[in-house]
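Enquirer: Here are the chains, one letter per residue:
Protein chains: 2
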Amino acid sequence: MLQSKLFTKTERTFPKDEEAANARFLERAGFIYKNSAGVYSYLPLGWRVIQKLVAIIREEMDAIGGQEMFMPALHDKRYLSATGRWDVDVVFKVLDGKNPKPAFSLSWTHEELITELASKYVHSYKDLPFSAYQIQTKFRNEPRAKSGLLRGREFMMKDLYSFHRDEEDLDRFYDIVKEAYFNVFKRAGIQAVYTLAAGGDFTSSNTHEFQAICPVGEDTIYVCSKCAYAENKEISKLSGGGRCPKCEGKIKEEKAIEVGNIFPLGAKYSDAFDLRYTDEKGEKNPVVMGSYGIGVSRLMATVVEMYHDEKGIVWPESVAPFKVHLLELAGASASPAEAGRKSAKKIYEDLQKIGVEVLYDDRKASAGEKLTDADLIGLPFRLVVSPKTGDKIEVKKRNEEITKIMSFEEVIKLLGN
Amino acid sequence: MLQSKLFTKTERTFPKDEEAANARFLERAGFIYKNSAGVYSYLPLGWRVIQKLVAIIREEMDAIGGQEMFMPALHDKRYLSATGRWDVDVVFKVLDGKNPKPAFSLSWTHEELITELASKYVHSYKDLPFSAYQIQTKFRNEPRAKSGLLRGREFMMKDLYSFHRDEEDLDRFYDIVKEAYFNVFKRAGIQAVYTLAAGGDFTSSNTHEFQAICPVGEDTIYVCSKCAYAENKEISKLSGGGRCPKCEGKIKEEKAIEVGNIFPLGAKYSDAFDLRYTDEKGEKNPVVMGSYGIGVSRLMATVVEMYHDEKGIVWPESVAPFKVHLLELAGASASPAEAGRKSAKKIYEDLQKIGVEVLYDDRKASAGEKLTDADLIGLPFRLVVSPKTGDKIEVKKRNEEITKIMSFEEVIKLLGN
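Going line by line, the protein sequences match chains W and E. Under our numbering, the first residue of the first sequence is numbered 15, with each subsequent residue one higher. Under our numbering, the first residue of the second sequence is numbered 15, with each subsequent residue one higher.
Among the clues, some could well be false.
Heads up, the list lumps identical chains together, so a pair's fine if it works in one copy or across two of them.
[Claimed, not checked] Below, a list of computed lysine-lysine pairs in the DSS-like style, where the Cα atoms sit at most 25 Å apart:
1) Lys-247 x Lys-160
2) Lys-91 x Lys-112
3) Lys-140 x Lys-384
4) Lys-384 x Lys-418
5) Lys-115 x Lys-160
6) Lys-91 x Lys-115
7) Lys-298 x Lys-23
Hints in this document: simulated from the structure, not taken from any laboratory. Everything numeric in this text was worked out from a predicted model, so none of it was measured.
Take these sequences, add in the hints, and give me the full structure.
Expert: Shown next, in the form of structure tokens:
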């Protein structure tokens, strides 16, 4: 894409009303726009990151047989009323214009809707198991939304729901989702810790969270130094300096961001919506369910929290809005032909031909401005063309300090396209 | 996809609480689920159709330089208040849990948000023109939502906004969007009539609608039999039996479904949000805007209204959830090897290998049930394998009556893959 055409611009300073690094960098670099506290627009660069994350998540959900669908945001009052969640604090209520009392809640989560829906299609044990997911907007009335995309009042989530004949089959699938989740986070550049946690408003069982260890995280977890065991402070029976119950390893307290969670729901929602199946003996049993979430916008924020320096964002290649930032520095456009070198425009076109995603800074701006912007936006590879580089290209990876001078062919090789 | 794995099922009868053909067929065939009046879930088959439409729309919007983004559904009261639209009847209001009066409206349209947002980035004439779009959920508090996906209380829309220095540049882009819209509708199988209309709550100018002529349409338009001129009854100065003002052709009254609209907004929103640019002389001028909508879910409904028969939906290939419905009829799985023919499973795998999207009905069900379901679901090509077909495949196009017996190689040729 031509940067001169991009309607957003970077800002010289950080926004004054944001505390969290993710919001400070994403707003300043033109990835997001704050509409109100906890409510953001995804601008073209930010939306590209979201699309990258969504593509990764879709691949992993499809790979485990998840069927994609899309449920509404307007939830008739009957849904949350059936499970006693209508009056949960964080639920936004919607007026229908006629009644003084709210008629709908806004999609906070979708267990109720998908359970009712499943009861239309599930009758026999032969209809089980299956799983379905969506990538959709969720709403949560946070009293103090101050962590940027980490805790929004409106945010994007992938939620998967699974349906089983018994706990054993749920356990089997639970482990499959666990692996798929590790794949998602790994591909997004996040090392997640599988953490035992409480069920909150969702279930009375223990659940599991995927926690990214990060100083700005709102969660506190206890992680064993020896084995893979971790648990959330909320349910922890361990003291900060204690020992792991599994292996006697030393326990470390860490701040962490919850990027995903998986909940064994049991029959809580099946009972509320009469979701039952007939088994081989003709007996009716409640369907056993699981629910599995990944905060897509929160994941984007977590990547920024983990990958930035004082100059800007340092996107992992897998989720960067573009792979390459091509900069034409002042004077370069004057005479590429005379200098016998490829013009930046030609490099831009040739890279696109072989499928490389390039943001080409073709603006009339100073070298300093372009270089500062490139660091702030944080694409993985920076290519500079200027009179100084002759018929070569100056290449710098955003996450390394060294710059190299390369031929176009060497650049192609480096990019691996 | 294996039909035995699809969690939805077709129903034997039409839903009792739906009047519109689109909802009757889509619900019965398992494409959508009604959560409340005008509020639907898109089930796996229905979601695939939406994704096909979204892909077409994206391609056409990207081709004219539209920059994709995503704005929120929660709109702070300040937005609609600034343009006097807070009290428009169809706007849903949201309570924030603290104040007795609503603090937000739900996204009915996004002119206000994008205008404020643009004012952060547009300063000079050099920042113009540009256009940005999103594909996002809209809400509209319809008092009587009874037309299925044609008029929902929650629906999916593509909305594009454009920003210009003057009316002349807006006019230039307006024509470009017009052509892109014709492309979208044509690719989706819809012949749209470009119709002069009023601006409603959006603008005081005349606007244009893209109308699909269809008996169940809620709009009445007057179409010239001779030239391309058409106008909506709401603004018409023509009588039903009159003559076209452009060419004296005879005027015909038609019922039609509005599948898209384009609005020249002028400076209405720019004035409200102080969106101005400095021209070459250093003078400040309001930015001139346009807005352009396509109802994605309504388009899906329109396709169903236009393409169905008494047996079910007849999807155009471009938007069908799968291209091929492969049916294995009773007995077929017993001995494909003995009969020296390709098993249905092998045909399924081989078609997928060459990129054909196939729904494979591998269920243990009667021939009658499978054939009835295939007609109801309405995929473009039906392939039947049974002991009767020997080492050949019985092929029928959903929109033709004749069946043909073909070899696998001939089928591949027919499918054009």
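Enquirer: Now tell me, hint by hint, if it's right for this structure.
Expert: How the hints compare with the structure:
In this assembly of identical chains, Lys-247 and Lys-160 lie within 25 Å of each other by CA distance solely inside one copy; the values are 22 Å within and 50 Å between copies. For a Cα distance limit of 25 Å, the shortest separation of Lys-91 from Lys-112 qualifies both inside one copy, at 15 Å, and across copies, at 19 Å. When the C-alpha separation of Lys-140 and Lys-384 is checked against a cutoff of 25 Å, the pair qualifies only between copies, where the shortest distance is 18 Å, while the shortest distance within a copy is 61 Å. In the homo-oligomer, the alpha carbons of Lys-384 and Lys-418 lie at most 25 Å apart inside one protomer (18 Å), although the nearest pairing across protomers, at 63 Å, exceeds that limit.
In the homo-oligomer, the alpha carbons of Lys-115 and Lys-160 lie at most 25 Å apart only across protomers (23 Å), although the nearest pairing inside one protomer, at 29 Å, exceeds that limit. In this assembly of identical chains, Lys-91 and Lys-115 lie within 25 Å of each other by CA distance both inside one copy and across copies; the values are 10 Å within and 19 Å between. Taking CA atoms no more than 25 Å apart as the test, Lys-298 paired with Lys-23 passes between copies only; the shortest distance there is 20 Å, against 60 Å inside one copy.
The structure shown violates none of the earlier numbered hints.
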